[in-house]
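Asker: Sequence:
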Amino acid sequence: MSAEQSKEGSGKTGFRADIQGLRAIAVGLVVVYHLWPERLTGGYVGVDVFFVISGFLITSHLISKPPRTAKDLALFYGRRIRRLLPAAFVVLAATAAAARLVAPPTLWEGIAKEVIASALYVQNWVLAGSSVDYLAAENEPTPTQHFWSLSVEEQFYLLWPVIILGVFWAAGRAGRNPVGLVRAGIGTVFAASLAFSTYATAAEPGSAYFITPTRMWELAAGGLVATLAPLAATRLNPAANAVLSWTGVGAIVVAGVTYTDATPFPGYAAALPVLGTALVILAASGHRLSPTPLFAARPVQWLGGVSYSVYLWHWPLIVLLPYASGGDLGWLDKLAIIAATLVLAALSKTFVEDRFRFTRAAQGLIPTYRFAAAGMAILVAAGGLQLAEVGFRTQQAQQQLAAVETSDDPCLGAAAVAQGPEKCQPEPDAPLVPDPALAKEDRADAYEDQCWSNAPFTDRPVCKYGDGATQVALVGNSHAGHWLPALQILAEKNDWTISTYLVSRCNPTDVPLKFDTQEKTDNCRKYGDWVLDQTTGGQYDLVITSERQSVPVQGESWKTTEDPAVDGYRSYLAEWDKAGTNILVIKDPPYPGNEISSIPDCLAEHEADAAACSGTPQEWHWMDPLYTAARGLDSPRIHTVDLDSYFCPQGTCEGAVGSVVTYSDGSHITATYAKTLAPYLEQPIRNALKS
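Every letter in the sequence shown is one number past the one before it in the numbering used here, and letter 312, counting from 1, is 312.
Do not rely on the hints blindly, as some may be mistaken.
Said to hold, decoys possible - No farther apart than 16 angstroms at their CA atoms in a straight line, the calculated lysine to aspartate or glutamate pairs in the EDC-like style are these:
hint, residue 1, residue 2
1, LYS578, GLU492
2, LYS526, ASP541
3, LYS675, ASP510
4, LYS578, ASP529
5, LYS113, GLU140
6, LYS578, GLU619
7, LYS578, ASP510
8, LYS514, GLU140
9, LYS464, GLU441
10, LYS587, ASP644
11, LYS464, GLU492
12, LYS526, ASP449
13, LYS675, ASP409
14, LYS587, ASP467
If you're looking for bench data, these hints aren't it; they were derived computationally from the structure.
Note that the coordinates shown come from a computational prediction; the quantities given were computed from them, not determined experimentally.
Turn these sequences into a full structure, and let the hints steer you where they fit.
Answerer: Next up, the structure:
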C-alpha cells in the first residue's frame, strides 16, 4: 500500500503491471470490506496483499542498491519519508479537523491520542493494547485506526535496511554471495515470525492482529521472492506459469470471500493470501492467458497507482460521515464515500504524493528530515491541544458532578423514578451528570484498584471495602462489579465489609465458556472453582452475585447457549446452597448493547434529543441465565432482586434517568447512577442476610 512504484526496486523486471493490479485488488478488498463487511467477510486480507508487495519491492531495491554506510541509510529513509509522509500528514490533519467539527465530544480524547500515535507510526501498538481491554471493546471506531498497517510497514522499513546492510557487510568480510545470505536471513525472519504469529494468534488473537512481530513474516515473504529469479525468466512453460499466476489470484479471492472475523488471524490462516500474492509476483507472467492483461487495463492500473491515497482517505470518510449526516450509512452514502475517496485520492496523488517525490527542492536530506520532524511535531501538538481541551472540560464536569452529588436533590437519578413523575417532572434542559464525556470513565473503584482477574484469568485478586462486622462477598464479572458503588454506600451505613471476587468477561459457573483460546476457557472454569472454595465455609454472611453472559457456552451458539448456561448456574448456585451460603442474585438490567454501542456517545451526539438514546425493554433485552437459574431454585437461602423499573420507567429504557447518565458504555452502569440505586438495594440485602 505504501511501497515505491512498481518500477522502482523491481530489478530487471522493469515496470510490473501485475503488481499494480495486485494493489488494485488489495485496496478494493479493504474498501468493500469496510463498507459491506457482511458481503465480503474476509476483505481485510487486502492488507496482507499490501504487506507482501511492500516486502518484495523494498527488498528488491535494497538488493540492487544495498546500503553500505550511514548516509546510504539516511538516503533510503529520506525516500520513504518523501513517498509516505506527505499524504499521511495531510489526511491526519484533515481528519483531526473534521473530527473536531462533527464527532461528539466523547470521542475527542480517543481520536486525539490516535492521531498522535498515527503521526508517530505506533498506532498498531496502541490498538494492540486496547484490543485486550474488555471495556474498550464497545468503543466507537476512530477515523485513524487504519494507520495500524502503515505503522507496521514503517517499523519494517526502519529495521529492514539495517538488516540488509549487516548481511552485505558480513558477506563482504566472509567473501560469500550476499544475495544467498540475504535469502537465508530473510528465511530465518520468515520462519520465526510465522511461528510466533501462529502462537500469538492462538494465545491472544486481539493483540496478535496488530503487532509487528506477527506480521513480519508477511513482508519477509515478499522479501524472499525478491531474492529469486522470476519464473517468467526461467524455462518454465509460459502457459503453466500463467496458471500459477491465476492460482495466486484465486488464493487471494478465496481468502477474501471465505474468511470471516471468526477466522484466527493472522497466524497460519494468513498464509493463503500471503502465498497467493507471493506466487503472482514470483510468476511475473505476462502471458496472454495470465491475469496480467486484465491487470494492465487502464482503470485497474489507475486504481493501483492511487491505492495508497485510497487507503488513507476511505476510512476517515466511513467513520465521520454518520456523525455529519446524523444516521447510519445507506447505499447512497456508501457510493458517495467511494466517489469522494477516489476524487481525494486522485488529488492527493497528483498534488501531494508526486509533488513531494519528484520536486527537486524536496530531494535534499535536510529538507526531507526537516519536513518529517515538523509534520510530526505539528500533528502531535494539535493532538496535545485537543487533549488539553478535553482535560479542561473534564475538570469542569467533575466540579459539576461534585456539586450535584452534594446537593441532596430528591429527584436525582433513581430517586426520580421512586418519587414518580408527579413529584419529579422531567427537565429536558437540565444538564446531565456526569457529563457524557466523563460518564465514559465513571466506573466502580474496583477498576482503579485493580481488583479484576483479566484474561487469561490466572490472577486471584480480592479487594475489601469497608471494615464492618457483617461480611459480604461480591462475585461475578463486570456486571457484578458495576454494583460496587451502591454497595460501598450501604457498607458504610450498615457496618458491612464488601470483599470482591471480580473477573472480566468470565462467569463463575459449572459449564465451560467459549473464549477465543482454550487456555482462557480452562482458566475461567478454574477461577469459578476457586471462588466457590473461597466463599463457602461460613466466612461470608452473604454472597451477592450478578453476571452478563458475554460469551456463549462452549460448543454452543448464541441461539442455543441459554439453556445450558442456566444449567451451569443452577448447579453452581446449588453448591453454594448446600454449603449454607446466603445468596442474593441481582438481575442484570436491560441495556442497549447492539442497539446503541455507547450511551454517552449517543447522548453527546443527540444533545437536543435524549429520546434518540432510549429503547423498549424488549429492544434492550439480553439473556440473564444466572437470574433465571436462581428464580428456578426453591431455597430459603437464594434470593433475587429486580431493579429494571429504575432503568425502564413507564416502559421506556432511558439513557439518562433523573438527569443521571445510566450507562458508561453500552452495558455497564455508571458509578453515579449505581450510587442512586443504593436505597433500593438495601432492603433486599437485609432480607437476604436474615435468612
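Asker: Confirm or reject each hint.
Answerer: Cross-check of the supplied hints:
The hinted pair formed by LYS578 and GLU492 fails the criterion: a straight-line CA distance of about 30 angstroms is larger than 16 angstroms. With a C-alpha separation of about 24 angstroms, the suggested pair LYS526 and ASP541 falls outside the 16 angstroms cut-off, and the hint is violated. Proximity of LYS675 to ASP510 is assessed by CA-CA distance (about 32 angstroms); at most 16 angstroms being required, the pair is judged violated. For the hint pairing LYS578 with ASP529, the CA-to-CA distance comes to about 15 angstroms; that is within 16 angstroms, so the pair holds.
Of the supplied pair hints, the one linking LYS113 and GLU140 holds, its CA atoms being roughly 14 angstroms apart against a limit of 16 angstroms. Restraint check for LYS578 and GLU619: the C-alpha separation of about 37 angstroms exceeds 16 angstroms, so the hint is violated. With a CA separation close to 15 angstroms, the supplied pair LYS578 and ASP510 stays within the 16 angstroms bound. Restraint check for LYS514 and GLU140: not satisfied, since their Cα atoms lie roughly 25 angstroms apart, outside the 16 angstroms limit.
The hinted pair formed by LYS464 and GLU441 fails the criterion: a straight-line CA distance of about 22 angstroms is larger than 16 angstroms. At most 16 angstroms may separate the alpha-carbon atoms for a hinted pair to count; LYS587 and ASP644 meet this at roughly 8 angstroms. Taking the CA atoms of LYS464 and GLU492, the gap is near 12 angstroms; set against the 16 angstroms cutoff, the hint holds. Using a Cα cut-off of 16 angstroms, the hinted pair LYS526 and ASP449 is violated, with the two alpha carbons roughly 23 angstroms apart.
Among the hinted pairs, LYS675 with ASP409 is consistent with the structure: their alpha-carbon atoms are about 13 angstroms apart, no more than 16 angstroms. As the CA atoms of LYS587 and ASP467 are separated by approximately 27 angstroms, the hinted pair breaks the 16 angstroms bound.
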